[in-house]
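Q: Could you build all of it, start to finish, from the sequences and the hints given here?
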Amino acid sequence: DKSVNKLLWEDIENKNPILRVSSFIALANLKDVKAIPVILKEIMKPKNSLHARKGSVRALMMLKGPVYEILDNKLSRYRRYASLSSNNLTISYNINGKDLASIFVSALQNPSDPLHSDSMFMLGELKEELTYPYLRKSLFDGDPDIVANTAFVLGELGDRKAVDDLIKICKDYRL
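Counting in my numbering, the final residue of the sequence shown is number 189, and the numbers go up one at a time with none missing.
What the hints contain is simulated information worked out from the structure, not anything from laboratory work.
The model shown is predicted, which means the values in this text are computed figures rather than measured ones.
Careful: at least some of the hints might be erroneous.
As the list claims (entries may be wrong) - Calculated pairs, DSS-like style, for lysine-lysine (alpha carbon to alpha carbon, straight line, at most 27 Å):
(1) Lys141 with Lys78
(2) Lys78 with Lys20
(3) Lys151 with Lys141
(4) Lys68 with Lys29
Claimed, not checked - What follows is a list of derived Cβ distance ranges for each label pair:
(5) Leu64 with Asn28: 18 to 26 Å
(6) Asn87 with Ser120: 15 to 23 Å
(7) Gln123 with Ser63: 19 to 27 Å
(8) Ser63 with Asn87: 34 to 42 Å
(9) Lys182 with Pro51: 35 to 43 Å
(10) Asp86 with Arg188: 23 to 31 Å
(11) Asp159 with Asn108: 25 to 33 Å
(12) Lys185 with Lys29: 40 to 48 Å
(13) Lys182 with Asn28: 40 to 48 Å
(14) Lys55 with Arg188: 41 to 49 Å
(15) Glu83 with Glu24: 21 to 29 Å
(16) Lys61 with Ser120: 15 to 23 Å
(17) Tyr187 with Ser63: 24 to 32 Å
Just so you know, even glycine gets a beta-carbon here, dropped at the ideal spot from N, CA and C.
A: Structure (structure tokens):
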């Protein structure tokens, strides 16, 4: 319904982060891929709360399916690409020429980055398996909060390869 879509876009202008994120999620459910640039900007605002950025990443990930559909439709129009399916492709969102997952991996490794403290949660929401080794590496960060948060995220992701590292961390912290 066009009126609902219009209302959701109006709520994006609202200063309340919960309304903004709710609008992102709703627009993602409506498969409105035009929201992607706005969502990407929201994710990168360091002043936003963790909840707002996590919700924004969740909406972004929900939009991967509609983006794949668009790719499939475009590819099927060209005879030489007709056999190519989006199942063989992966989508990576870019901000200023840099992959979104790479941005958060860099933030994870740089304590002075404004996104540093939330980066492991953002990587958890992205669910990109290529970032798991970086998360595992951050288990050995000297900051107990970073270690605890990273362990939580790896557990949520079900990263079985992190089990040995988690056992070692538990022994190091005498848990």
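Q: Mind checking the hinted window 35 to 43 Å against the Cβ distance between Lys182 and Pro51?
A: Holds, at about 42 Å.
Q: Compare the distance between the alpha carbons of Lys151 and Lys141 with 27 Å, and conclude whether the hinted pair is satisfied.
A: Satisfied, since the Cα-Cα distance of roughly 16 Å is no more than 27 Å.
Q: Mind checking the hinted window 25 to 33 Å against the Cβ distance between Asp159 and Asn108?
A: Once the Cβ atoms are compared, 30 Å apart, the range 25 to 33 Å for Asn108 and Asp159 holds.
Q: Between Lys61 and Ser120, is the Cβ distance one that fits in 15 to 23 Å?
A: holds (19 Å)
Q: Taking 18 to 26 Å as the hint, is the beta-carbon distance of Leu64 and Asn28 inside that range?
A: holds (19 Å)
Q: Are the Cα atoms of Lys78 and Lys20 separated by 27 Å or less?
A: Holds. Lys78 to Lys20 sits at ~22 Å (cutoff 27 Å).
Q: So does Lys182 sit 40 to 48 Å from Asn28, Cβ to Cβ?
A: holds (46 Å)
Q: Starting from the range 21 to 29 Å, see whether the pair Glu83 and Glu24 falls in it by beta-carbon distance.
A: At roughly 26 Å between Cβ atoms, Glu24 and Glu83 fall inside 21 to 29 Å, so the hint holds.
Q: Just to be sure I understand the hint, the distance between the Cβ atoms of Gln123 and Ser63 should be within 19 to 27 Å; is that true here?
A: About 23 Å separates the Cβ atoms of Gln123 and Ser63, which means 19 to 27 Å holds.
Q: Can you confirm whether the C-alpha distance between Lys141 and Lys78 stays at or below 27 Å?
A: holds (12 Å)
Q: Could you see if the CB distance from Tyr187 to Ser63 stays within 24 to 32 Å?
A: holds (28 Å)
Q: Verify the CB-CB distance for Asp86 and Arg188 against the hinted window 23 to 31 Å.
A: violated (53 Å)
In summary, the numbered hints that this structure violates are 6, 10.
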